[in-house]
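Chains as they are written, first to last, in the working numbering: chain A, 434 to 596; chain B, -15 to 404.
If you're looking for bench data, these hints aren't it; they were derived computationally from the structure. As the structure is a prediction and not an experimental result, all values here were calculated from the model. Here a beta-carbon is modelled for each residue, glycine too, at the ideal position from N, C-alpha and C. Accuracy of the hints is not assured; some may be wrong.
[Stated by the list, open to error] Restraint ranges, calculated between C-beta atoms of paired labels, are given here:
#1 A:435 <-> B:150: 53 to 59 Å
#2 B:267 <-> A:442: 34 to 40 Å
#3 B:-1 <-> A:593: 19 to 25 Å
[Claimed, not checked] Residues from chain B that keep clear of chain A, each with C-beta distances beyond 10 Å, as calculated:
#4 25
#5 40
#6 50
#7 56
#8 64
#9 126
#10 172
#11 203
#12 275
#13 297
#14 300
So you can see what is in the structure, the chains are spelled out below.
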Amino acid sequence: MELKGRAWKLGADVDTDAIIPARYLTTSDPDELAAHCMEDAEPSFPVGFKAGDIFVAGKNFGCGSSREHAPIAIKAAGVSCVIARTFARIFYRNAFNIGLPIFESPEAAEDVRDGDELAVDADTGTIKNLTTGRIYKSAPAPPFMQEIIAAGGLINYVSAKLK
Amino acid sequence: MPMTITEKILAAHAGREQVVPGELINARVDLVLGNDITAPVAIREFDKIGAAVVFDLERVALVPDHFTPNKDIKSAEQSKIMRDFARKHKIVNYFEVGCMGIEHCLLPEQGLVGPGDLVIGADSHTCTYGALGAFSTGMGSTDIAAAMALGEIWLKVPESIKFVFEGELKPWVSGKDLILYIIGQIGVDGALYKAMEFTGSTIENLSIDGRFSMCNMAVEAGAKNGIVPPDEITRSYVEGRCRRPYKFYQSDPDAAYAKIYRYDTSKIEPQVAFPHLPENSRAVSEAGIVEIDQSVIGSCTNGRIEDLRAAAKVLKGKKVHKNVRPIIFPGTQEIYLQALAEGLIETFIRAGAAVSTPTCGPCLGGHMGILADGERCIATTNRNFVGRMGHPGSEVYLSNPAVAAASAILGRIAGPWEVE
Ligand code: SF4
């Protein structure tokens, strides 16, 4: 599967309160959450954004709370994937569990500029920068995580196990 | 092969002799936790799995604490989803508003967590229970849904980092200051994916409440769990309280650590973390003049009886500054009752502080003390991210309860020694 979109460059330590402020956690409706995704941190975001866009962030993306509302909001906002130098661990799990593709790539996090067009091969983790022609690698998901993805998320994986 | 305490607990729950860092394991869980924000999402996913029942009626804990007593219609609807689920599934450990508390104060107090346990919760500060020598970690709602159905969860065995504190605590220095100091040294991802093990003579003498504060903030360094080797202090807390048999695990002397940090405790002063990351900590004596509008004392980090005592010691017989709104939140109803019996609540109210029923409240910008644009708050909570306590233009400074109390009196960030 190829994911294609425009890069939104974000900084380091983007926390879950920045991704979806707690004042909106009185709902778990993906569309309502998406409407407020990143609004404090990136005021231009809810306006200037096109479906398919890609977040490219520094270290420790998604640090802070365990709210699954964070990856849900990003996914429902139409972001096709998140690339970061590193991810906070709970966010990392949550993203796999709800089916938001994420890629750890220090090279891409360093080199990609805001607005670059990217194409990501989700199976191999290869990231192509269509604007500059550069290619970056990302660490492949551990085999067990790939099993979860193949099953279509953790819930399907568990259902199958219960049967 | 030698193992750390974290590795031993994980091995025991995976039914193995041995685990090594980096390995993925399936582990049995002793308790699964959800709250009024995360449980509704978990329940939606649980229903999709098609499991008829939860794996064990006594090993699921549901705590409405974030937006409760419910602040508006939407939050009431979320709580209702959890309450209905608890009734339908006959969940034993559902805590209604009159007997509730902030989850991470409540579960240990109620004896639901013991040494050697493996606990997961859909809340990042689930790592708090490491103070009892348990392995506990936060996850998302979908993971919790899977665990509620199966009673087991996949985990990656973390590498451990050892933090050794030797020496005596200076006056007014608490567990909170030690953990703020560590995060200041190693940064908010300084222990990413790792287990933080706290040891040394300082920790051996640290109260159980101080240990809870330290393990609570392990996630603020990116860690998977924080843990204190259990000892007599642990035993005196859990004896007669724990509802299940428990087991003390200890790290082998020659266990492998990714890193070992050593600190001379006698050099550490009370800390304050400046906006907007917990790693921006420095000594209170170096804070300069920072005027504040609000002082929040409570939360799962510092809402326990020892914290309230520290605040009351500073506030006793004093009046708070006319420009400051102090808000004090006991962590649970039991702690509230204890504070009443000791006269602490009266001390707070006479000093001019507001005292609230237990709730997460302002800690996450939920309700009961939201900040306006440009306002500053000193808080004994654990996060000072942009907008954490209200308007994105507000600021949160993290400290221990005595510092937050002294600051409330002087109207600026201050050490308790300044009001003695
Ligand atoms: S008190 Fe604050 S940090 Fe603790 S569980 Fe509640 S919202 Fe989270």
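* **Separation of residue 25 of chain B from chain A, once the least beta-carbon distance is taken, above 10 Å** => Its Cβ does come within 10 Å of chain A, the nearest being 5 Å, so this is violated.
* Asked: So is residue 64 of chain B really clear of chain A, every C-beta pair being over 10 Å apart?
  -> holds, 12 Å
* Asked: Minimum Cβ separation between residue 50 of chain B and chain A greater than 10 Å?
  -> violated, 7 Å
* Could you see if the CB distance from residue 267 of chain B to residue 442 of chain A stays within 34 to 40 Å? => Given a distance of about 35 Å, which is inside 34 to 40 Å, the answer is holds.
* **Separation of residue 172 of chain B from chain A, once the least beta-carbon distance is taken, above 10 Å** => violated, 6 Å
* Is it true that the C-beta distance of residue 435 of chain A to residue 150 of chain B lies inside 53 to 59 Å, as the hint says? -> holds, 55 Å
* Whether residue 275 of chain B stays farther than 10 Å from all C-beta atoms of chain A, as the label says -> holds, 24 Å
* To do: Go ahead and decide if the range 19 to 25 Å is satisfied by the Cβ distance of residue -1 of chain B to residue 593 of chain A.
  => Holds - the Cβ-Cβ distance for residue -1 of chain B and residue 593 of chain A, about 22 Å, lies within 19 to 25 Å.
* Find the nearest Cβ of chain A to the Cβ of residue 40 of chain B and say whether that gap is larger than 10 Å. => holds, 15 Å
* Once the closest CB in chain A is found, is it more than 10 Å from residue 56 of chain B? -> Contrary to the label, residue 56 of chain B does not stay out of reach of chain A, its closest Cβ about 7 Å off (not over 10 Å).
* Check on residue 297 of chain B being off the interface with chain A, judged by Cβ distance over 10 Å -> holds, 32 Å
* Check on residue 126 of chain B being off the interface with chain A, judged by Cβ distance over 10 Å -> violated, 4 Å
Going through the hint list in order, the structure does not satisfy hints 4, 6, 7, 9, 10 and 11.
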